[in-house]
Amino acid sequence: MSVPEQSLITDEHRAAIGVKSDPVKVVIGEVDAHRMRDVLEDKDPRWADGTGLAPSYVIAGMGGGPRRGMPQILPGGLLTQQEWRFSRPFKIGEELSAVSQVFDIRDRLGGRYGYSVLVTQGTEYFDSDGHHVASAMITITQFDPKSQRKGDE
Amino acid sequence: MSQRYYEDTNLDDELEPLERTPTTDMAIDFFGRDNPTNPAFSDIEAGKRLGVGGALVPGLLKLSWITQYVSDWAGTEGHVKNLRAAYRRPDVADRPLVLGGRVVDKRVEDGKHIVELEVVTLADGQPSTRANVQVELPAKG
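Residue numbers (this note's numbering), protein chains in the order written: chain L, 1 to 153; chain H, 1001 to 1141.
No lab work stands behind these hints: they were computed from the structure.
Source: prediction; values computed, not measured.
With a cut-off of at most 16 Å between alpha-carbon atoms, the simulated EDC-like pairs for lysine to aspartate or glutamate come out as follows:
1. H:Lys1048 with L:Asp144
2. L:Lys43 with H:Glu1077
3. H:Lys1140 with H:Asp1008
Construct all of the structure, not just a fragment, from the sequences and the given hints.
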């Protein structure tokens, strides 16, 4: 695909900005938490077996996360920015409620793909008392791989 | 893992560099073999189609390493509160990454002792990820 003559961001895409999703239930699974901890060879005693706590980076594998419902405007995508915020540690087995929304959609001319679309989406996780536990925000740069500048392969 | 205290932390203090080598197996195991992931994390050809030059190292894995790196630096009474990362260049599996960092700010906020770090992953000496990390440290007082 060559550089489009006009933005590929439509009113329908823009209408998604700021609309909160229905909450999705997410459970901090013991198997997942321990697997991620073990892959990183993390020996921190705070989330050792039997402590009931999970390392904060389990947010990387939590369902209901930021990519859910993200508009797909171009076929390729790379994660280019990310933010995690933690209000308290995750507890193994606890059920959280995840609410996502698109914060921004913008396009960009230039760079290795000529034309790209940047979509920023975030998810907040709340416990059963409605208290904030964590947030995750990502920006995905969407592009058409066929438009890649020669020499960047 | 030794405990770090707010009073003992100074601007421009550097974290000891740490080398990690991401592999395709690590990327798949981290998210779970039964869970769907980007094919470019395990398939060199899929990575090349994205223009990466090989299997792509997941940004989530790199941010998790950064979280662990800072948590280990802070000690068990420290808490990573916030991480903001910009992925400057894609990283390719099986190529070593060096994590490094330094203290760029320290302040007391609402009675909490906050230290801010700049952390990078370096591939061939060039930053591929730049992150700002806020960590709450205990105070001696």
